[in-house]
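Asker: Using the sequences and the accompanying hints, generate a full structural model.
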Amino acid sequence: MRRPIIPTAAKISQYGIHPNLLTKRMAEYPGMTSVMVKELFPDAPEVIYPSIEGDGLERIREATANALKDVDMSMIKPGQSVNVLASHHGFTLLGGQPYAAFLKMVRDEIEKRTGATDIRLRAGNGLRFRETEEYIRQYGLDVHFKGKARCIAPIDEGIPIQTEIGTLYGLKSVYDADWIVHAHNSDVREVHFHRHVDRAVKPFGMSYARIETRSTYHQNLGPRGANFTARSIFESDFVKSKFAFTAFLDMAPSGVVGVVAANDLFKLNDYLTFVGLNYYGKIMTLLGEIDECIVGLDFPCPVPYVFAAGVIYANMVGANVDLFDLDGDLPPYTWYTEAFYGKNGKPLIDDIAPVNSAIKMVIHNYAWGGYPSAFFSEQIPTIVVKKEQAELFDNDPQNLEYTKHAVISENLDTAMKFAYKTANTDKVLIFDGAIGGLNISHSLLKLLQDRAPYVSKRVDEELMPKWLRQRGISLLLSKKFNTSRF
Amino acid sequence: MKLISLKPLVNKEKCVGCGICSKVCPAATIRLEGRKAIVNEEFCRGCGACEQRCPVYAITMGKLEKPYTVSVSVDAVPYEEIEALCKSAHMHPEQIICYCTTTRAEEVAAAVLTGAKTPEEISRRTGIRMGCKVECIQPILRILKAAGIDPVRPDGYQWYGVTPTLWDISPEIKEKYKTSGFYFDEDIKILEKVIKAKGSRGDR
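Sequence lines, in order, name chains P and F. The numbering of the first sequence is my numbering, which starts it at 774 and goes up by one. The numbering of the second sequence is my numbering, which starts it at 2 and goes up by one.
Source of the hints: derived by calculation from the structure; they are not laboratory data. For glycine and all other residues, C-beta sits at the position ideal for the given N, C-alpha and C. Check the hints yourself; a few may be wrong.
[Stated by the list, open to error] Simulated restraints, written as ranges between beta carbons of each label pair:
1. F/N12 - P/P815: 34 to 44 Å
2. P/N1036 - F/G20: 37 to 47 Å
3. P/V916 - F/E82: 56 to 66 Å
4. F/K194 - P/N1036: 37 to 47 Å
Answerer: Given below as structure tokens:
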């Protein structure tokens, strides 16, 4: 049996407990093993990161420079200013170094190719307004951008943007340069929110946007129309007049596949939609095959964002349905769904799917606050390890109710003992950011190995054609993407 | 209803009087006096926006000695009026509109029907918008708009304006994007179904 993969290290952050308090990781617990994505799905793409060559980051830098060779930067003149736009989630991928290396290379290529030197980093955030401030320091981005790296938040000063559906609002600091460069990643992440429609455009309605726009996304445009907010902003004359080009870390559950870049974001969007479905569809569908398990949260991120083989916990909560299937309206977890639970604790309408009943218990060994997470502990039995972690949540304005629905354990050992006894299963799935694979119990390994071939065939023959058709991507185009990368 | 358990503590030595804290406070409770931030604790609801955006780290959040709750009772006005206002804003009264505080549309409607005229006033009375400070601004503005109230913007970045909803998407736009994966009409159907649902009052 393979030993567990080393989990992503804890980080010093105001949003999580100090790493010193994390005395034991779930992967260290007896009975745990691991499986690589490539073993489950032999057709998973080859990756450039992680790599056996050095720290692997040189390959990220090379891929970034190569991808940018075909991009036209002639619109940027010496003396003009450029905002390189980044998002917090990129720094949670594979330890964060690949995204940081990619951003630095984007900056350097712009300077080399155009002669412009006023190149700023604008790093957007979700609901933790100082998160990218921490990353900017941690990865030396403030130094690399010559003191011009800024953490931006959705409550900062805004500007109105006229779109084809009406006025929406962006962050003023995003658009205060002559040109903007959209430097993102293709990790599918919140399928329950964006439904993998226009994934490449999403930050224009989120990381780069004001609260009014984000609230439009999550409250006004519906569970499948939400990401139209982002498209509306990107398609506006104002944003188009500033847009120079885009570059993406091309992500898969097993690592970084490469870097892609283009002047036409929507051309890239089709490619990223295809590879997102192709790379992530199988592992997400496989996790939906799990009949029962104890889930471990053990990663430096808020509760819904902890990772296992590129899949976030929020997607496991909804893995009892096909989240990519647009015929399904309300996923088991999304904010529209959460909104529709009435005062009696039941959904207001009958056709709201319950959360994934295969998750018998959750052990919250290490996950951050800074995201409203009470829905998860209310719906699924949860053990929070250590009183310090519980106190962190009790003092988090977004999570005052989280521990009201949870029990607190002194340490991981007692939590595991309690979970095994009461959940009545020995299958364990750990969301700890294990790079390239999954940390799991021996018992769960067998189930995944047994089901993977069936899932692979079903996705290839049944689900992929449907998912692509629903998004207006022709099979012809998808075949082109299959044989030659963007 | 919201439990208020935290309050901002301003370090006057560090405060440079930039005023950003007052511009981002969702309850508009911070003012500058002598280029120092002063918090009106009576109306502060402990969201921490000031602490998160202070550029010189002059604000920390401390625990209140005596935590308290704020709420507006839905019994303060006839429930039919609450239902009508929520329906006009395309919401079910029991719909949660603030995921951090679990504030439901009915409580905000009750606040508006009993006199609240701005998002800041609604926040002070119900505690809504005191968690993430982000996601619930549109439902608040939609309920105010449905009540015929055009709120006056504060002199900061608290909010800028109401934005479009599904019901504002034109047939031309629906036609233009009909093959792109946006299911506007289907989403309207599911949201209308929620709006018409009985809710727990109907269960009784």
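Asker: Work down the list of hints and note, for each, if the structure agrees.
Answerer: Okay, the hints, checked on the actual structure:
no.: 1; hint: F/N12 - P/P815: 34 to 44 Å; in the structure: 58 Å, violated
no.: 2; hint: P/N1036 - F/G20: 37 to 47 Å; in the structure: 40 Å, holds
no.: 3; hint: P/V916 - F/E82: 56 to 66 Å; in the structure: 59 Å, holds
no.: 4; hint: F/K194 - P/N1036: 37 to 47 Å; in the structure: 43 Å, holds
Checked against the numbered hints listed earlier, the structure breaks hint 1 alone; every other hint is satisfied.
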